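For this one, chain A is given, so just place chain B on it according to the hints.
In the order they appear, the protein sequences are chains A and B.
Taking my numbering, the leading residue of the first sequence gets 42, the next gets one more, and so forth.
Taking my numbering, the leading residue of the second sequence gets 2, the next gets one more, and so forth.
It is possible that part of the hints are untrue.
[To be verified] Cross-link-like lysine to any residue pairs, in silico, SDA-like; alpha carbons within 20 angstroms at most:
| no. | chain 1 | residue 1 | chain 2 | residue 2 |
| --- | --- | --- | --- | --- |
| 1 | B | 360 | B | 424 |
| 2 | B | 53 | A | 438 |
| 3 | B | 636 | A | 226 |
Hints were generated in silico from the structure; no laboratory data involved.
Since the model is a prediction, treat every value here as computed from it, not as a measurement.
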Amino acid sequence: MLSFSEPQPSRRCDGLSRRTFLRVGSLPFFGLGLAEALASRAVARDAQDELSCILLWCDGGISTVDTFDMKPAAPVEYRGEFKPISTSVPGLTVCEHLPQVARQMHRIGQCRTIEHTGSQHAEACHFMLTGWPQVPDVNAQPVGSVVHPCYGSVVAEQLGWRNDLPPFVQLSRGGIKYHHAGYLGSALDPLKIPGDPNRDDFRVEDVSLPSGISSDRLTRRRSMIDQLDEFHRLTEQGAGDVAARNQFYQQAFDLVTSPAAKKAFQLAEESDQLRDRYGRHREGQATLLARRLVEAGVRFVTVEFNGYDTHDKNFIELRDPLLPKLDVAYSALLEDLDDRGRLENTLVICMGEFGRTPKVNGLAGRDHYPKVNSICFSGAGLKMDGFVHGRTSDKCEHVVGATNSTHDLAATIFQTLHVDHTKEYHNVDSRPILTTDNGRPINEMFA
Amino acid sequence: MSLRTTSIYLALLLLAPTTAVRAGSSEDAAARPDFVRDVMPVLVKSGCNGGKCHGSFQGRGGFQLSLFGLDAEFDYSALVRESRQRRVSPAAPDRSLILRKPLAEVPHGGGQRFQPGSESYRILRSWIANGAPAAADFELHVADIEVSPRDVTLNPDEHVALQIHARWSDGVQRDVTRWALYEARDEQCAAVTDAGQIEARSPGRTTVTVSFLGQVRAVNVTVPYARPADPLVFEPYNYIDEHVAAEWEKVGLRPVESAGDEEFVRRAYLDVIGTLPTPEEIRSFVADPATDKRAQLIDTLLKRPEYVDYWSYRWADLLRVHRRYVGDKGMWSFWNWVRRAVRENWPVDRITRELIVSKGSLFSNGATAYYFVDEDPAQLGETTAQLFLGIRMQCAECHHHPYETWSQADYYGLANFFTRIEIKDNGDGARYGGTKLLRPVTTPNRERRVSMNMEPMLFGQVVDPTEAGDVRTVLADRITDPENPWFARNFVNRFWSYLMGRGLVEPVDDLRATNPPTHPELMDALAADFIDSGCDVKQLIRTICTSHVYQLASRVEADVDRDGVFYTHRRYHRLPAPVLLDAVNFAVGATEEFNGLPRGTRAIALPDPGIQSYFLEAFGRSPRSSPCECATTSKPDLIQALHLMNSEAIQKKLAAPGGRIQTLLKQETPDAEAIEQLFLVTWSRPSTEEEQQAALTFVTQADTRQEGYEDLLWALLNSTSFAFAH
Numbered sequence: 042m043l044s045f046s047e048p049q050p051s052r053r054c055d056g057l058s059r060r061t062f063l064r065v066g067s068l069p070f071f072g073l074g075l076a077e078a079l080a081s082r083a084v085a086r087d088a089q090d091e092l093s094c095i096l097l098w099c100d101g102g103i104s105t106v107d108t109f110d111m112k113p114a115a116p117v118e119y120r121g122e123f124k125p126i127s128t129s130v131p132g133l134t135v136c137e138h139l140p141q142v143a144r145q146m147h148r149i150g151q152c153r154t155i156e157h158t159g160s161q162h163a164e165a166c167h168f169m170l171t172g173w174p175q176v177p178d179v180n181a182q183p184v185g186s187v188v189h190p191c192y193g194s195v196v197a198e199q200l201g202w203r204n205d206l207p208p209f210v211q212l213s214r215g216g217i218k219y220h221h222a223g224y225l226g227s228a229l230d231p232l233k234i235p236g237d238p239n240r241d242d243f244r245v246e247d248v249s250l251p252s253g254i255s256s257d258r259l260t261r262r263r264s265m266i267d268q269l270d271e272f273h274r275l276t277e278q279g280a281g282d283v284a285a286r287n288q289f290y291q292q293a294f295d296l297v298t299s300p301a302a303k304k305a306f307q308l309a310e311e312s313d314q315l316r317d318r319y320g321r322h323r324e325g326q327a328t329l330l331a332r333r334l335v336e337a338g339v340r341f342v343t344v345e346f347n348g349y350d351t352h353d354k355n356f357i358e359l360r361d362p363l364l365p366k367l368d369v370a371y372s373a374l375l376e377d378l379d380d381r382g383r384l385e386n387t388l389v390i391c392m393g394e395f396g397r398t399p400k401v402n403g404l405a406g407r408d409h410y411p412k413v414n415s416i417c418f419s420g421a422g423l424k425m426d427g428f429v430h431g432r433t434s435d436k437c438e439h440v441v442g443a444t445n446s447t448h449d450l451a452a453t454i455f456q457t458l459h460v461d462h463t464k465e466y467h468n469v470d471s472r473p474i475l476t477t478d479n480g481r482p483i484n485e486m487f488a
Numbered sequence: 002m003s004l005r006t007t008s009i010y011l012a013l014l015l016l017a018p019t020t021a022v023r024a025g026s027s028e029d030a031a032a033r034p035d036f037v038r039d040v041m042p043v044l045v046k047s048g049c050n051g052g053k054c055h056g057s058f059q060g061r062g063g064f065q066l067s068l069f070g071l072d073a074e075f076d077y078s079a080l081v082r083e084s085r086q087r088r089v090s091p092a093a094p095d096r097s098l099i100l101r102k103p104l105a106e107v108p109h110g111g112g113q114r115f116q117p118g119s120e121s122y123r124i125l126r127s128w129i130a131n132g133a134p135a136a137a138d139f140e141l142h143v144a145d146i147e148v149s150p151r152d153v154t155l156n157p158d159e160h161v162a163l164q165i166h167a168r169w170s171d172g173v174q175r176d177v178t179r180w181a182l183y184e185a186r187d188e189q190c191a192a193v194t195d196a197g198q199i200e201a202r203s204p205g206r207t208t209v210t211v212s213f214l215g216q217v218r219a220v221n222v223t224v225p226y227a228r229p230a231d232p233l234v235f236e237p238y239n240y241i242d243e244h245v246a247a248e249w250e251k252v253g254l255r256p257v258e259s260a261g262d263e264e265f266v267r268r269a270y271l272d273v274i275g276t277l278p279t280p281e282e283i284r285s286f287v288a289d290p291a292t293d294k295r296a297q298l299i300d301t302l303l304k305r306p307e308y309v310d311y312w313s314y315r316w317a318d319l320l321r322v323h324r325r326y327v328g329d330k331g332m333w334s335f336w337n338w339v340r341r342a343v344r345e346n347w348p349v350d351r352i353t354r355e356l357i358v359s360k361g362s363l364f365s366n367g368a369t370a371y372y373f374v375d376e377d378p379a380q381l382g383e384t385t386a387q388l389f390l391g392i393r394m395q396c397a398e399c400h401h402h403p404y405e406t407w408s409q410a411d412y413y414g415l416a417n418f419f420t421r422i423e424i425k426d427n428g429d430g431a432r433y434g435g436t437k438l439l440r441p442v443t444t445p446n447r448e449r450r451v452s453m454n455m456e457p458m459l460f461g462q463v464v465d466p467t468e469a470g471d472v473r474t475v476l477a478d479r480i481t482d483p484e485n486p487w488f489a490r491n492f493v494n495r496f497w498s499y500l501m502g503r504g505l506v507e508p509v510d511d512l513r514a515t516n517p518p519t520h521p522e523l524m525d526a527l528a529a530d531f532i533d534s535g536c537d538v539k540q541l542i543r544t545i546c547t548s549h550v551y552q553l554a555s556r557v558e559a560d561v562d563r564d565g566v567f568y569t570h571r572r573y574h575r576l577p578a579p580v581l582l583d584a585v586n587f588a589v590g591a592t593e594e595f596n597g598l599p600r601g602t603r604a605i606a607l608p609d610p611g612i613q614s615y616f617l618e619a620f621g622r623s624p625r626s627s628p629c630e631c632a633t634t635s636k637p638d639l640i641q642a643l644h645l646m647n648s649e650a651i652q653k654k655l656a657a658p659g660g661r662i663q664t665l666l667k668q669e670t671p672d673a674e675a676i677e678q679l680f681l682v683t684w685s686r687p688s689t690e691e692e693q694q695a696a697l698t699f700v701t702q703a704d705t706r707q708e709g710y711e712d713l714l715w716a717l718l719n720s721t722s723f724a725f726a727h
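In isolation and in its complexed conformation, chain A is listed as follows (with noise of 0.2 angstroms):
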């Protein structure tokens, strides 16, 4: 047999994050023991062990001012065609077409404050799912060798694996831009599954198995990889490259076969009823397929709702079929979150890679925004019952009073998830690279 060692490549051997840590550290100092020290190290690795994020990605850019954060009194060019409705949150008003989310307001909390300068899909993306700014070509590929991890990617370096299934997973059809390990390398890229969940025949690509192979065959192939290590003297764990690859290996292995796995991906077992109210639909059903996959334990999931880049006809492709897709699968995460008592563990963000233009264009469209964007946030410690920081201009052109820095987001995110936001790491040239640029938590979304 292979003496394969603990599925759990990168996890930190403390658990801690440095703030924990520090923490820690400082008791003894007010007399308190080592027991206690411990006790309370042990609180702290089931708190973080326990947080789980699902990001709702608006992929192209959603438009603030005709979703959450709408100007009714602003001109007709400005507030465009859609009028707002109240919500479960006195005084707080969301568009007529998320009437489902109207509902769920006291379970959101916003934040109107980020602004970044990505003018192009690719940076925008850059700069929202890694903080970092970045400046590709007019090929979108990055100038320079410095691509950041994203959030998902930096959870899964400083978490590792909790279990059978991999710490970081994305749910999106035709892939996200800059949606992976960066210079942290491919090992700690999401799980990707580009299946629609919606399908009868949706399978898990590479994870399901392949048809004709059935899980006592695979473990019959897999015993035969044993022997034939053996015979070829690698029984040993191996070193470096050798060594990492028999621990992929497991991890695959146990992935393939694990009940937990198969079951989380079994959407079937879910009512009708749950099923639809999540919406039929391939976003609806990867939205619930994700708090499937949080509940077995993976860390991170990103669901991909696409189609938001409206440069022309805005009005008619977020009245059907944007927001009505977005309504249901959003609505109905929070609520279902919540009624298995999981909101107040699981992290859910509802963002894109830059609000559109204030005015309409044209086209009857939107274009690229990035001054203003409307990013909303549920559980895990974070202010919710319709909690709204900072605003806008009247026309939405504009943060009002201070603005935060995408580097901003990822340290409230990476701390919300109790991970270390100040984090050392070095990309393929040794350079030292933290893993936000001096960004600072944004308090006040902290309850």
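Same frame as chain A, but now just chain B:
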């Protein structure tokens, strides 16, 4: 050791009088510290100017200093002129933030940096108390540092103290051991203290970098293994072996045994032509009684058509052949140029020259694509330095290189070789498929201006563009000049790493004084030989592959020399993505269908990554987005494991009609023969008796014979021995 120590003392004695006379006593320094000479070292040593702290581009906490402390005037102004005398307040020195922050009397993001009463504290305080005077001369800089010893051999747990002497631009010399910064490259081997004491830990070889205000030096540290009792028995085949063996003697290592014929044949095929040998080729090589058959095999492989495919692919990764830069037609033009250069075995200096001085139409001269992959003169400069010289200049665009002497002048001097060209297109641009015409001109093109305009300059030598005609010819001359130490070293190091799995310098394209080769004499010998051969790549490959060191057996995990720094054994490394895909297809008897190319096109023969392939993406083919070799990854990951073991695609190939398994079954091949064949097409060696037996049991236990063989081949494909070169 004692002799070396004596000479250090001698050097110190000789230096001492000058120091006393020119620099005044150290009390003088403490009494009237000079900003550049005394205060800057304190700031740098305390870490204030680090990239993570106030040396960052945005500064920290609203306070910015120059990165690595290379701009004293800037730092003086930041301390004294900004912040209304809060940072430095001569009236009440102890209230100065520059003292209170690093003492952690007030909250400081960087924590406590020095103690009250420490030398750093005293110098800073005394400078402030004197009225925080400007430097006598802000142009004053460190002209040179002398580090001793430069080369140390220490047994584990031994230590040695470094001595650093700085010579300032005004001639003053000082012992700056206390103020220099130290960094050990491999702390497991040897560590270095803040005060410059090197402490040996475990056997190996590493470097310690010493830096002081813009000057950097490397100290080589060797920590020998326990001396082996047995004498070294090793037959050198050529000069490579002598150099490598000399190091074994020095550090007390012994090589493993030589590789057997089967191991050698697989290695040679994979390394020289990126292709697995067929069962017939393996059998005939093993059976060949000739004593020089290994050298003969290398010669045969160098003439194979796959040699052109494989090395064109490697060059195309380096040169970034990709349609995204030059459109479809431009890409084919560039690709065909690369293939021709490899096919005709052009000397590397010719390849270099043709790229640098290329002109004319993109469609008729593919080499001009060099100017469309990077369009910006500054980036062309970076690429040229990295590709042909192995020098990473990127850092110097914005700041002095932390570990090298490259300055912004070097950076822009190089960029200015690329401003004197004119590009004509018919309006649609090369990236969208149109043609382009490149023509050298004698005056800088306004459209190609860089942010620092100066005369073209390489290695500090300025070129007069009015005399040069096309200045790029001067650049090509200087780069390929046999006297240029970087050019040949860069290329022999790259090819050495392709064949040996590890460069004499790592990373391979990061040659610098502070990153010395593990075997300096071998590097020199290879470089000299390369120049003598007329920069002949095939000759270089032949020399390396016929050395005894190349032909040592492999070890997954060696007890000693784990990183393979001393080449005592062959290390395992994963096959590059295209080589692995071809190997899988060969083993299962399938051909790949790539979009727009004839069925059966090999993955190593693909022109660019514009050709879709999930397998190649998953296994990390080069995206050809950077001239750095680091852009290609052959690191294993989860996605790869899942794909190879559990994908529909691989399962289909295993079971395909006309595939290897189906063919074996249709021909009613006897089990022994069939099993033998499966081992030969994956592991490139016949199965042992034990393996035969186990495989046979395994196959016959399956529900059907076909399933049994599919499962056996699947297991071979997923075994470590298949995916790795060894």
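Item to check | 20 angstroms limit on alpha-carbon distance, applied to hinted pair residue 360(B) and residue 424(B) | outcome: Satisfied, since the Cα-Cα distance of roughly 10 angstroms is no more than 20 angstroms.
Item to check | Holds or violated: residue 636(B) to residue 226(A), with C-alpha atoms at most 20 angstroms apart | outcome: 8 angstroms, holds
Item to check | Given hint residue 438(A) paired with residue 53(B) - CA-CA distance at most 20 angstroms | outcome: 34 angstroms, violated
Hint check: a violation occurs at hint 2 only; the rest are consistent with the structure.
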